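Enquirer: With the sequences and hints as input, model every part of the structure.
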Amino acid sequence: MPDLLPAPPPATSAGNDLGIVRNRTFDEIAVGDTASIERTLSTEDIQLFAVLSGDVNPQHLDADYAASTRFHGVIAHGMLGGALISAVLGTRLPGPGTIYLGQTLKFLAPVRVGDTLRISVSVSARDEAKKRLKLACSCVNQDGVTVISGEADVIAPTERIERARTTLPEVRLSVNGDGLHRLMDHVRPLGAIPVAVVHPCDALSLSGALDARAAG
50 MPDLLPAPPP ATSAGNDLGI VRNRTFDEIA VGDTASIERT LSTEDIQLFA
100 VLSGDVNPQH LDADYAASTR FHGVIAHGML GGALISAVLG TRLPGPGTIY
150 LGQTLKFLAP VRVGDTLRIS VSVSARDEAK KRLKLACSCV NQDGVTVISG
200 EADVIAPTER IERARTTLPE VRLSVNGDGL HRLMDHVRPL GAIPVAVVHP
250 CDALSLSGAL DARAAG
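Sequential numbering from 50 applies to the sequence shown in our numbering.
Hints in this document: simulated from the structure, not taken from any laboratory.
If you're wondering where the values come from, they're calculated on a predicted model, not measured in any experiment.
Quick reminder that beta carbons are idealized off the backbone N, C-alpha and C, glycines included.
Everything hinted at is true.
Computed spacing ranges between beta-carbons, pair by pair:
| id | residue 1 | residue 2 | range |
| --- | --- | --- | --- |
| 1 | Glu93 | Leu157 | 19 to 27 Å |
| 2 | His235 | Met128 | 30 to 38 Å |
| 3 | Ala213 | Leu157 | 32 to 40 Å |
| 4 | Asp104 | Gly163 | 17 to 25 Å |
| 5 | Leu253 | Gly103 | 43 to 51 Å |
| 6 | Met128 | Lys179 | 23 to 31 Å |
| 7 | Val247 | Phe120 | 48 to 56 Å |
| 8 | Asn106 | Leu150 | 22 to 30 Å |
| 9 | Pro238 | Ala112 | 23 to 31 Å |
Expert: The structure is reproduced here in structure tokens:
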């Protein structure tokens with residue numbers, strides 16, 4: 050039985066209606082304006098990012114291997130943090146309608162399973178003619194350590210946008226049959242029950258299946 054992972058809840062941020070995404074236009078934004086979200090990373094987050102990106106570096110997925118490295122354990126992909134910065138830009142500041150032009154990133158410390166990150170952006174410069182913004186970006190963990198820093202260059206929207214937040218699909222992850230193992234662990238305390246197995250193997254039963262296959 051595969052894990053059922055509900056779509057991650059909207060990351061928390063003060064003053065934001067969780068059911069709505071809205072932007073701020075260029076004219077409404079000043080140097081020094083900030084926005085942030087928080088996200089606690091799980092093993093499943095890292096696995097799902099590996100599925101989406103194709104980055105199956107064992108540093109992120111193989112606990113035995115990762116324990117032997119300089120990081121002494123599994124760490125998140127660096128660009129997972131980059132994706133979270135994109136989430137702030139696209140949903141908070143400036144928000145919907147933002148055009149992402151460029152991003153620099155420095156990976157300053159590892160991000161581990163269970164870390165709670167505060168992902169923040171702060172407007173550092175405005176270009177009135179081109180409606181562009183530069184924003185300082187950072188990811189800070191629960192210990193106050195800056196794990197990622199950088200700078201984003203965006204074109205800010207010029208018209209107000211406010212939309213209902215799209216409901217994301219649930220995601221099922223199954224790794225090496227571990228769902229079946231958990232199911233067995235769950236029912237083992239219940240004890241054995243009598244069962245009967247029906248296994249037709251006569252010519253008539255088997256030919257019916259073959260005929261169905263031939264018929265498409």
